[in-house]
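Hey, can you work out the whole structure from these sequences and the hints?
Chains as they are written, first to last, in the working numbering: chain L, 457 to 533; chain S, 3 to 135.
Among the clues, some could well be false.
Here are the computed lysine-lysine pairs in the DSSO-like style, where the Cα-Cα straight-line distance is at most 27 Å [what the hints assert, rightly or not]:
(1) L:K480 / S:K64
(2) S:K118 / L:K496
(3) S:K45 / L:K496
The set of hints was computed from the structure by calculation and includes no laboratory data.
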Amino acid sequence: MEEMSGFPKELVSRILHLHFRDCKTKVSGDALQLMAEFLKIFVVAAVRGVQQAQAEDLDTVDVDQLEKVLPQLLLDF
Amino acid sequence: MEETEAEEERQFSHRQRLKAAVHYTVSSLCNEVALDKQVQFNKQTVAAIAEVTFRQCENFAKDLEMFARHAKRSTVTTEDVKLLARRSNSLLKYITEKNEEIAQLNLERKAKRKRKPEDESSEPAAEVVDTET
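Spelled out as structure tokens, the structure:
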């Protein structure tokens, strides 16, 4: 998992600040790094779920699989 | 009136740029899984995952802000992030472990930075010691 690409800290920071209601809210450096990991695992869970939901031997995975996986994914997160 | 419209446009394009950046990262992750498992993800699926991720970030951000405020802090910390991961045991475990890894890594980096100035003053300049012959 270490070799996988991930979310840059700067991006995570900007996304979070986009949705903060209070302009005084800040995020610690460690929390940013941890959030980057959190988002990465969210995406990987979605991707793996979609790929596993693929019952047949299809080479391409499409949106139908994502629809099957989405409810549980959102419940888990 | 024009100012608010310009401001709205600026905010909209800022949002679009962030979405695009998320899409790029999601796309990279999808490619890595695709290579590993020898499957392919079509563009709509990648875009859909990116969209879901971006939207969930709104919930995550608001929750984090609430957690920090609840603890009477204005800075979001790793404790708040861990609280975000509470819904699934395996997720919480993973995040807790990652947190420890990150803390350990940062400690090591700090220790290296503190040692460096001492090393440079005690060793003479550019004497290459050949350890492999």
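Worksheet item: K45 of chain S and K496 of chain L: Cα distance at most 27 Å?
Response: Within the cut-off at roughly 19 Å; holds.
Worksheet item: Regarding the pair K118 of chain S and K496 of chain L, is the alpha-carbon distance no greater than 27 Å?
Response: Since the Cα atoms of K118 of chain S and K496 of chain L sit roughly 33 Å apart, the hinted pair is violated (cutoff 27 Å).
Worksheet entry | Given hint K64 of chain S paired with K480 of chain L - CA-CA distance at most 27 Å | With Cα atoms ~14 Å apart, K480 of chain L and K64 of chain S stay inside 27 Å; holds.
Violated hints amount to a single one, hint 2; each of the other numbered hints is respected by the structure.
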